[in-house]
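Each protein sequence line maps, in turn, to chains U and G. For reference, each letter of the first sequence is one residue, going 1 to 550 in full-length UniProt numbering. For reference, each letter of the second sequence is one residue, going 1 to 666 in full-length UniProt numbering.
Some hints here could point you the wrong way.
If you anchor each label on the Cβ, the simulated ranges turn out as follows [stated by the list, open to error]:
id	chain 1	residue 1	chain 2	residue 2	range
1	U	Leu66	G	Asn79	35 to 43 angstroms
2	G	Pro140	U	Leu31	55 to 63 angstroms
3	U	Phe94	G	Glu187	42 to 50 angstroms
4	G	Leu312	U	Thr106	48 to 56 angstroms
5	U	Pro142	G	Asn457	33 to 41 angstroms
Listing some non-contacts, in silico: residues in chain U with all C-beta distances to chain G over 10 angstroms [to be verified]:
id	residue
6	Ile22
7	Glu34
8	Phe94
9	Thr106
10	Gly139
11	Ala192
12	His347
It should be emphasised that the hints constitute simulated quantities derived from the structure, not laboratory data. The C-beta atom is built at its ideal place from N, Cα and C for all residues, glycine as well.
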Amino acid sequence: MQLAVEGEEKMSIVPKETIEVIAQSIGITNLSPEAALMLAPDVEYRVREIMQEAIKCMRHSKRTTLTASDVDGALNLRNLEPIYGFGSGGPIRFRKAIGHRDLFYTDDREVDFKDVIEAPLPKAPLDTEIVCHWLAIEGVQPAIPENAPLEVIRAPAENQIYQQKDGPLIDIRLPVKHVLSKELQLYFQKIAELTLSKSNPSLFKEALVSLASDSGLHPLVPYFTNFIADEVSRGLNDFLLLFNLMHVVRSLLQNPHIHIEPYLHQLMPSVVTCLVSRKLGNRFADNHWDLRDFTANLVALICKRFGNTYITLQSRLTKTLVNALLDPKKALTQHYGAIQGLAALGHNVVRLLVLSNLEPYLSLLEPELDAEKQKNQMKSYEAWRVYGAILRAAGLCIHDRLKIFPTLPSPSPSFPSKGKGKVISTEPNKRKLGVDSSENRSPHKRLIATDGSDGGPSPMQVDRPTGDANPPQNSVRPSSSEQASDGNAPESRNAKEKDDSKGRAITRKAILDQIWKDDLDSGRLLVKLHQLYGDRILPFIPSTEMSLFL
Amino acid sequence: MDPEQVDEFVMGYLKKKGFNSAAKHLQESLHNNNGSTFSSIDYHNDPELNKLIRSFSQSENDPSRYREGYSKLRSWGYNSLDLYKHELVRVMYPVFIHCYMDLVGKGHTQEARSFFNSFRKDHEMVHLRDLQKLGGVLAPSHLQEMEFARSLRQSKINIKICQYSYDLLLQYLHRTESTLMLGIINEHINFQVYSGQPNSASDDIEAVTIVGSFHETADHVNQKEIHWGLLEDSLEDRLEKTGGLLSDSEKGQGESKAGDMDDSKKRSAEIGKQGSSIKKLKKDKAGTATTKVARQETSTVLSSMPRVKPELAMPVMSTDVEESILEDLRNRVQLSSVAMPSVSFYTFVNTHNGLNSSSISHDGSLVAGGFSDSSIKVWDMAKIGQAGSCGLQDENNQTVGLNGRRNYTLLVGHSGPVYSATFSPPGDYVLSSSADTTIRLWSTKLNANLVCYKGHNHTVWDAQFSPFGHYFASCSHDRTARIWSMDRMQPLRMMAGHLSDVDCVQWHPNCNYIATGSSDKTVRLWDVQTGECVRIFIGHRSMVLSLAMSPDGRYMASGDEDGTIMMWDLSTARCITPLMGHNSCVWTLSYSGEGSLLASGSADCTVKLWDVSSSTKLTKAEEKNGNSNRLRSLRTFPTKSTPVHALRFSRRNLLFAAGAISKPSS
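The shape of chain G in the complex, shown without the other chains:
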C-alpha cells in the first residue's frame, strides 16, 4: 500500500468522524511535507496497523457487517471448550442486543429485524421478556423513547469472567480483526476478571442478568448495613416474659371453649377468630407439655436475635387490642413439616371477572374485595355464618340474603378499578388503592370513607399497612413507592429508583424497611427513615407480583409471573434458593407465625406449602455444608378451578385463602 493511499484513508476516516480540524491539519502538514517524509511511524510496513486502518475506513454503514461479525462470534462461542463455554456464551447476549440496537439506530430496520429474528432463539430462554420488549423497537426514535433501550445504551453490563475465558475472547477478537464486535464489547460490557477456574454454569444468576443503569450500583448498594432484627419490647418478647404466669388461665380457657366447640361443624360460623382457635385448642389439650417446650425453644431463639429500635414513632396500642393479640399468640399452633395447618378457603362467586384483589383481615373474620367497577365490598364472615348457619346449601344459590339485603358492606368512592384493598392489623380500617391515582382509607366500623390520599401520579397498584398500623406504604405505575401516615394528606417519603412500575410492596416486621417488587424484575429494600434504597435483589426473570417477609425479619420471599418463588437473605441480598413448582403467576405469599412454613397461592389454582425452616436452621449454622437447597414443597392443595388471590396466616396459624372461582358454577 503506498503512502498516499494510507494518507487518503486517514483523511477519509477523520472526515467521517467529524474531526474536521484534525483533517485540515493533516492536509496542511501533508501539503507542507509534500507527502514524503511525514510519517514517523513505519505504518506502511506494519500489516496489522494497515489492516486496522483499512477496516476503519471501510464503509461503516454496511449493515451486513453486524450479522457477519455476530454470527462468527456466536459460532466461535458455541464451539468453544465446554468448561469456558457458558462464560463466553454469556457475552453473546449483550453483543446481540447492542448489534440490534445499532442497526435500528442507523435506520436499517429491515436488516435489524432479520438479524433479530435469526438469532433471537438463542436468548429466549433467559431473556424472553426483554426480547419481547425490544422486538417492537423499529425506528431510531423508538430507541430514544423507550426507557429500557435507553438505559441499556447508556449503561455498561457487568460480566464476571475468568482470566482464561477473557484471554480467549480477546485473542479471538484480535485474530479475526472483528473490530466491530470489539467495539461493541468495549463500549457496553464491563468485564470483572477473576483468576482461577470458571464458575459452574448455574452458579450465579446475577452474572447473566442485565438490568440497566443501576446495575453498577447494585453491588455498592448491597454493601450498606441493615438491621433486620425485630423491635425490642415486641409483643413476642412480652409474651415470653408473661408466658409462665398466664399458662394456667390459658389452659382453663381452652377447656371451657373446647366443650362447646367439639360438636361444632367446621363451617363458616366458627371461622374467624373463633374458628382459628378450635384446632388450636384441641392441639393444646393434646400436648400442652410438648408445645410449651417447643414454644420455649422458639422464644429462646427469638430472644437470641438482635433487637433494634424503631426509627419511626410507633403508634400506641390500646390495651384490649394488645390483650387479644397476646391471647392469639399464646394459642398459636406450632407448625412444622409434620404439623400442617388447616386451610380455610373463601371462594368468591359471581364476580363476573371483576375481582381485582382481595384480602383477609389478620383474624380471618373480614374479607375485602376490590372490584374493577370501582367498588369495594367487605364481608364479615362471622355474621354470614350466623345468618346462614341453618341453610348453608341454599346460600350458594340465593345470593341476596334471606331479608333481600346484601350481606356485605359496599364501599363506593373510587373512580377507577380498585387494585388493592387491605386491612389494618386490628381490622378496623380498610386501605384501598385505585387506578384513579388515589388511596382511600375506610372505616369498617362506620362503613364510610375517612380520608382520600392524593399524591401518586398514576395508578396505585398496591397499598399496605405497617405491622403496627398507622403508617402505610403504597406503590404505583409512576415508579415510586411512598410512605404515608394516616393523619397526613401528603406522603412522608418517596422511594424512587425502580425502572418500571412498582407492583407490590411489603413492610419489614420491624417497620424500618419496606420491600418493593417491580416490573423491572428486581426487588428493592428501602430504609423508611432515610428513603434510601439499601438492597437490590436481582434474579427474577419476570415481573414480581408478591412479597412476604419472614417473621424473624431475616428472609424475604418473592413470587413472579412465571411461578418462581425466590427466598432471599436480606443481609447478603442473595437468593437462598428458587422454589420451583407453580406454573403460573404467584399472586400471594404468606409466612406462618413462627416462620417455619411459607404458603404460596397461584393462578394455577393451587395453594402450596413450603418447608422453609430447615434452610433457616442451616443458614444459622453458617451454612457449614454450603448446601442450602433444603427448601422443599411440602404439600399442594388444588382448588376447584379457583386461582388463589390472597393468603393469610392468622396469628393462631390458621391459614386463610381467598380466590374467585374462574368458571360459573352451574
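Here chain U stands alone, though its shape is the one from the complex:
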C-alpha cells in the first residue's frame, strides 16, 4: 500500500535527493530541485536500460545471478567506461547513512599500505579442472558420490513406479538399491542377535537405550520392521522373544531421530498380534498378561503420536480390537488383550466402544465366571482375568467422567491392582449382583422419568437404547446369579452410605439435581455400571460423587 502511494506521488523510483547527492559528488553544487526532478526519470530509464543489457550478459555467461562484471559488460556494450572498483568476487556491502531513510553507501575501508605489503601472499587460486563421471548408464543413474544424492530421487521414484505400472507406454527400471554401510549392518546384526538370544538381559537393556537415542539409525528402520514382523510371526510360542521385540518397537518409537511413520503399516500388524493373539508363549508358564499390558500401552503410544498425521490409524485399530472382543469364538485371552488395548486408548474409547457392549459381553462371560459351571480351572482363571480388566476399564472410565464435575472435590480413589489376588477377592462380591439389582431399580426409574422431562441432549441418545434394554436383562440376571448370593457385603456399603448422608445431606439434593441435568449420560452410565457390576465398581467412584447416587 505504502509503495503504491509512493509510486503515485513520485515521478520515478529514483528520488530527487539521490540526484542531488550524485550532482554534489561530481562537483555540481548549484543543481536546482526542478532540474533534479527532471533528471530523475531519465536516470531511472538509463539504469533500467543498463540492467537489461547486464541481464543479457549474465545469460550469455550461463549464470543466474547478476554480478558486477555483467554490469561492466553492459556498460561496455553501450560504449561506456566501466565502473572500476567493484570487480572483486565478493558481494558488495552497503551501509545505511545515518539520519537518512534510504541513502546507502559502500563500506569502503581505508587500507594501510604497509599492511598490504606485509601481508602474506594469498594462496594461488586452484586451477580449472574437469572431472568426469557417469550421470546415467542406459537411463539409470548410478549411486556414486558425483551424482545428486539418491535419497532425494528415491522417494518420488518409488511412488511413481506403482502408479505407472499399469501404463503400457512407460517402461520402468527400478532405481539402484541403496547400500547400507558396514557399520550399520554390524549394528543391525548385533541388535538382532541380542533380541533373539535372551541370555544377556543387561546388554539387551543397553541395546534398547541405544535404539532409543542413536541418531544414525534411520536407514535401518525398514530392516527392523521387517525383522520384527518376521520374528513375531515365527516366534508366537516364544514369550521372551515377543517381549523383547515389543521392547525394540518401543525403543524405535522413542528415538527422536527416526521417522517411523512410513513404516507403521508394517509394524502395526506385529504389535497388534502381540496384543490379541490367542496364544502368546506358553499358556501356563508364561505371564503373557504382562506382555499384553505392555503392548496395549505401546499401541496407545503409537495412536497418540501418529493419530494426527495418520487419521485412519486409530479407527482401524479400534475396529480390529472391538471385533476381537465381540467375537464369542475368540479365546478369552484375546478378549483380554482387546480390552486392555481399548482401555489404553483412553476413556472416550472405553465409553463408546466397551461400555456400549458391556451387557451382552458380560452375559457371555457369565457362564465362564461361574465356578460351578466352568470346571476347567484355567478357563475360569482367564475369565476372571478378563472380568477384572473390563471392570477396571469401566471403572476408570466412570471415574474420569465423574471427575469432570467441578463442584465436587474428588479424593483420589484407591484403584485395585490388577493382580490376581484382587480379582479373586472380588469374587465373593460378585455373587450379590442380584441383591443390588433390586436397589438399583429406584434410581433407574428416576432416570427414565428425567429422561422424559428433559428431552435429552444429543449425546444421550447414543446410550438410550441400551438403557432401555436394561429392564429385561435385569429380570434375567437375578435368576442366574441369585442362587449363590451371600449377604455380607451390603454392610460395608450401608455404612458408607450412612456416613455420606450425614455429612452432605443438605447439599446433596442440589448437586444431584445439577448432575442429572448437566450430564445425564454419566449419571446413567453410573447407574448402568452399578447395575452390572454391583459394588465392585464402587472403589472407582470418588466417594463424594458416589454418595449422590446411592
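Once you've looked at the hints, dock chain G against the given chain U.
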C-alpha cells in the same frame, strides 16, 4: 445547441489540429454567409453528431480520460460472456500499452506511471518481459529512443477475432462514445475477422504475441517455400548402400573390442571415442539381428524423405575422416523411449564463476571452455584418462597434473570475455567468439590461433560450424547473423531482421539454412544462399537461448529463458507443442542421432530426456487425430548442483554433458 456554438467548436477543433487554412476558409465562409444558412447537414438536430463534435472539442490533453476510458473498457471486457471473453481481453493489452505510451508521449509522466501500475497486473502473466521494458519509459524522448517502443508505435498489431466478438466490441465503443479508445484501437490494431465460433482460449499463441513491425510480414514470410530434406548422397545414404557389405567386419571388430572393454571401468580413460563404443558394442552383440532390422527400417524412412542439392559448394571430406564417421554411424545405438542413452558428465571445477560457455567435440574426446578472462581452455579427455587412471580420486584435489603441468591447452588471444567456443565436426578446429567483436579460429593440432575474423560491430554471442565444416555462422549483439567461410576474412552473408540481439545460431542439417534465436523472443530461419528470412517462429515469451535441429531436418527445438522448450515444424512454422518441465534457463538442446530423443540441459541442474519420436510419427500420419500433444518427458537426471551448459549426442548416441559446479566442492 445553437449553431454559433457548433461553429465555434468546429473552429476550435480545426485550429487545434493545425488545419489553419481550413479554419480560415471556414471563418471566411461563416463571415460571408453571416452564419445562418451555412450548414447543409442538419447537424444541429442530430444528437449523435453533436456529441461527437463536442467530444472532439473537449480538452484533448486531459490525462484522466485515458484511465477512465481504459478502465471502462477493461471492466466491460472482463464482464463479457465467457465464450468471447478471451478474445475481447486480448484487445486490452495493445490498448493498455498504447494508452500508456500516449500518456508518456504527452508528458504526463505521473499519470502514466500510476496508470501503468494500476493495470499492469492484468498483463504480467503473458507479457512480463515487455512490461519490464516499458516500465522504464518515462519521458517522450525515451519513446523515440527505445526501439521496442518505436516499433510498437509504428506497427499495427494483428488480432484474430471472430465476427461476433468484433461486433460486440464496436457496439460497445459506439454506445459509450469512447472515441479515445476507438481511436487507439483503430490506429494500432488490425483486426482479422473470421466467421464462426471463437477459437478456444489456448488455441494459438500467435494471436496474443505482439512483436513489433515485422509481424505483418511474418505470415507472408512463412509462406515461402523451404526444402528441409537432407542432402543427397549424404553419409547416411552411403551407409545404407554399403551397410550390407560391411556388417561382417563390424561384427568381427565388435567382438575383438568387447574382450578388452568388458573389464574396463566406466571412467574417463574410455570416455571419448572408445568409451562411446563400449555400450554400443554390448548392445550390438546382444541383438545384432534386431538392431539390423531397426536400422533397415530407419534407413527406409530416411530414403523416403526428400533430398535436396547443396546450395553451397561443399568441402571435400578426407577419406579417413569419412571412414571414421561411417564406422561411428554403423555402431550407433538405436535409442527410443525404452532404450535410454548413457550420459557422461564433464564437471568443471574451480571455474571461479568465469566459465561462459563450454562445448564438446562430436566424439566427446575434446572439451573446450570459454572463460570471462578472455582465455579458452581445451581438454583432451582421452589423455587425462590415461595420465590419471591410477589415481583418479587424487585428481580432484591436485588440480595441476602430476608433473606440475596443467593438463589442458590454454588458447590466449581474445581481448574480452569469450562467449562461445565450438569444435569443427572432425574436431580439428575450435571456433571462438568474444566480446571483443572478433571470431577466432584455432587449431587443436597446433594449439595456435590461425585466423581472426573481424566484421561484427558488437559482442559476438555465438558461432557455429556447419555440419560439414568449412562454413560457419555467427550472431551478435549488433542484431545480425553472418555466414563465413574459413578461408575468407569477410563474411559471405549478413542476415539482418531481428529486433534485438541474436543470441544463438544453429545450422540446418542440409546446410542450406541457419536458424537464429533472439532476445526479441522469436526464432528465424534464413536461407544461406539468398540471405533471406524464410521463417519466423513466434511463441516464446522470453529470450531464446538454445536451438537444435532434428537430424531429419523437419523439426527444430528451441529453449528459452523461462525453461520452456518449443518444438517447431519447419514447413508450417507452427509450434507442435511446448515442452514444459524445466524451471530455469534452457542452456542447451541436442537431438539423438536418429532423432527419437531430445536432450535438454538447464540452469535448474537437470538433464531431461524427451520422447520426440511419437510426435514425428504422428505428424507423418498427417495428424489424423489432430492430437499432437504426445511429446513427453522421459527421464530427468539431476546433477549435483551443476547447471548444464552443453550437451552433445555423439555419432554413436552416447550423450555427453558439461557444466560448471556452482558451489565450491569442499
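A quick look at each hint next to the structure:
no. : hint                                       : in the structure
1   : U:Leu66 with G:Asn79: 35 to 43 angstroms   : holds, 42 angstroms
2   : G:Pro140 with U:Leu31: 55 to 63 angstroms  : violated, 22 angstroms
3   : U:Phe94 with G:Glu187: 42 to 50 angstroms  : holds, 46 angstroms
4   : G:Leu312 with U:Thr106: 48 to 56 angstroms : holds, 55 angstroms
5   : U:Pro142 with G:Asn457: 33 to 41 angstroms : violated, 48 angstroms
6   : Ile22                                      : holds, 18 angstroms
7   : Glu34                                      : holds, 14 angstroms
8   : Phe94                                      : holds, 21 angstroms
9   : Thr106                                     : holds, 21 angstroms
10  : Gly139                                     : violated, 2 angstroms
11  : Ala192                                     : holds, 35 angstroms
12  : His347                                     : holds, 51 angstroms
Figure legend: structure checked against the earlier numbered hints; hints not met, in rising order: 2, 5 and 10.
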